[in-house]
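The residues making up each chain are set out below.
Protein chains: 2
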Amino acid sequence: MKPTIRDVAKLAGVSISTVSRVMNAPETVVPEKRQRVQEAIERLRYKPNAFARGLIYKKSDTFGVMIPDIENPYYAGLLRGIQDAAAEMNHSVIICNTDRDRSRMLAYVRNLFEKQADGIIFASDSLHRELYDELKRSRLPFVLVSTDAPEYDAPSVDIDNEQAACEAVRHLIELGHREIGMIGFPVGNTISGAPRLAGFRRALAEAGLDHCASHVEFAAHRFEDACEAAGRLFVRAPQITAVFAASDEFAMGVIAYARDHGRSVPDQLSVVGFDDIRMARMFIPRLTTVEQPVYQIGVRAVHKLHELMVNGEVSVLHERLPHRLIVRESTAGLRV
Amino acid sequence: MKPTIRDVAKLAGVSISTVSRVMNAPETVVPEKRQRVQEAIERLRYKPNAFARGLIYKKSDTFGVMIPDIENPYYAGLLRGIQDAAAEMNHSVIICNTDRDRSRMLAYVRNLFEKQADGIIFASDSLHRELYDELKRSRLPFVLVSTDAPEYDAPSVDIDNEQAACEAVRHLIELGHREIGMIGFPVGNTISGAPRLAGFRRALAEAGLDHCASHVEFAAHRFEDACEAAGRLFVRAPQITAVFAASDEFAMGVIAYARDHGRSVPDQLSVVGFDDIRMARMFIPRLTTVEQPVYQIGVRAVHKLHELMVNGEVSVLHERLPHRLIVRESTAGLRV
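Quick mapping for you: the protein sequence lines, in order, are chains A and B.
Heads up, the first sequence is in UniProt numbering, so the first residue is 1 and it goes up one at a time.
Heads up, the second sequence is in UniProt numbering, so the first residue is 1 and it goes up one at a time.
Quick caveat, the hints were computed from the structure, so don't treat them as lab data.
One thing to keep in mind: the hints can contain errors.
DSSO-like cross-link-like pairs, simulated, lysine-lysine; straight-line CA separation at most 30 angstroms [claimed, not checked]:
| no. | chain 1 | residue 1 | chain 2 | residue 2 |
| --- | --- | --- | --- | --- |
| 1 | B | Lys136 | A | Lys33 |
| 2 | B | Lys33 | B | Lys136 |
| 3 | B | Lys115 | A | Lys115 |
Cβ pair distances, simulated, as ranges [stated by the list, open to error]:
| no. | chain 1 | residue 1 | chain 2 | residue 2 | range |
| --- | --- | --- | --- | --- | --- |
| 4 | B | Tyr152 | A | Gln35 | 50 to 56 angstroms |
| 5 | B | Met89 | A | Gln35 | 52 to 58 angstroms |
| 6 | B | Glu224 | A | Arg104 | 34 to 40 angstroms |
| 7 | B | Arg320 | A | Asp267 | 42 to 48 angstroms |
| 8 | B | Glu329 | A | Asp267 | 31 to 37 angstroms |
The beta carbon of each residue, even a glycine, is placed where N, CA and C say it ideally should be.
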């Protein structure tokens, strides 16, 4: 059973109105009492229910967005969608840059709880058990973005990563390539990692190219990692004529490595990326890539969070938005 | 003389404790009284002084960052510095994406005031009079970043834009170029616009190349604008062998345009950028550019804001951090 304000007052040995004052105007309560109440709130994990919250708490019209790396251009596009949708609702957005650090994530959730944020959007990182438990305990509504975690019962917005990867690799096969490699995210990454690798392997299997299934190297997150991974891939399988990169930044890393080692793209090597970040159109050659509707994903995440805050539930738990292959200049027919 | 809580109470015809409750627990005050108090606060522009604020207001440990375009990679680097410095101080950051819309900026300031933000960092856009007045009226401490506005008495963190631009153009001159063009920000842009143009012209004047001073085209903000501006520049002055671009994104636009029109960089055209965003190292060719210590600028801005919040003033009003020319692959000696 949920703890009530009555339980908190009882445990702290104070009146209900004192608990209320601690939450709303803590300066008016003597430090010693204040601390007893805060400890009781903490111990009971007390949080007013949605109705009471409106009465006791001020609504903050603020929500938090947790992202791993604000310098990653994928999140810039996402944040723009989130920002615009939030601004329309007169909500503020607190950005929490996690650096994928688990203790920092937990600290952010506690911090958002203390600041009386109305909810959390958790984007693009694996949702580990401890964090999930903390989110649940905080009773803050939350939505996962590009972080489909089917093992948890949490609302999410994403694309079909496996299918999208499969289509990217089919494109290379249709161009005549028979020796295809991949630069992927580590499989421990449940969003960009495992599903995109599965899509790569499915396309290969469909075309009878299973001998390529092991032509995979993994990179952590950034351009520089992908350059190094490309080096390992080309040493191991120099016969490769096409690469599926699990992100546009990885694709740029592969192309930069190839250029530095005398292989021009797309004449001697085709490369397809993933995401369609802004840079994909600015890079030379312009990247063939899988477009994620990243702005729309951000907008939908806000609307979903709002639905959750207002109704306490969402009509569609796991929502998938459409992706699209965009053929530009970094892929070409195999020349023998 | 600053209005006090007493003045507010008097004007609203209520007790001081009612004013305090309106600020801390508005639900406990009947709507009619609440409105009278809020109107009085608004009319008097009442804001508790720093000492009283600690007693009456809860400190929110939150500050707002206003930036024009979260998708611009320059701001991503800046936000990272801001985020990290804020996290160390256990402060949250509310991101306000202004889209350079004046009424949106004003609305953000009011919103941050209402949310009891502790301060504002205003980044990389011209500070117009109306906004300056609103910031002053709000009494929120604020720091300007990459927005040196010497006509206002506001603390700022920036680099020496004119000197940095001058050094970038000198580099082209030292490589033997005598026909040099520029893709700049509009001169109405008091940060990236006028000072960088002045630096371009100073370097030309030093070298007796004043005939190039009009080889300037302006672009709004993005890659696509710069592609078009490059088109205008090359039609007007086809003899140009080198271009100073006022941002890395502009440099990429110039290079993309040149590539599409059969001029390779750096063999037939040298291009120097500005900022050293992450993409400058990933682009092909890697960009020669002026490095701004953008992460450090973000960190310094937070520290300056903190100094202002704690002391009510800063020891150095206008702070300039060092820049540095980084020579990579997009510039080369003139070949005749």
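Against the structure, the hints come out as follows:
1. Lys136(B) <-> Lys33(A): violated, 38 angstroms
2. Lys33(B) <-> Lys136(B): Given pair lysine 33(B), lysine 136(B) holds - Cα atoms ~28 angstroms apart, limit 30 angstroms.
3. Lys115(B) <-> Lys115(A): Holds - the C-alpha atoms of lysine 115(A) and lysine 115(B) are around 11 angstroms apart, at most 30 angstroms.
4. Tyr152(B) <-> Gln35(A): 50 to 56 angstroms: violated, 44 angstroms
5. Met89(B) <-> Gln35(A): 52 to 58 angstroms: At 23 angstroms between Cβs, range violated.
6. Glu224(B) <-> Arg104(A): 34 to 40 angstroms: Given range 34 to 40 angstroms: holds, Cβ gap about 37 angstroms.
7. Arg320(B) <-> Asp267(A): 42 to 48 angstroms: About 47 angstroms separates the Cβ atoms of arginine 320(B) and aspartate 267(A), which means 42 to 48 angstroms holds.
8. Glu329(B) <-> Asp267(A): 31 to 37 angstroms: Once the Cβ atoms are compared, 20 angstroms apart, the range 31 to 37 angstroms for aspartate 267(A) and glutamate 329(B) is violated.
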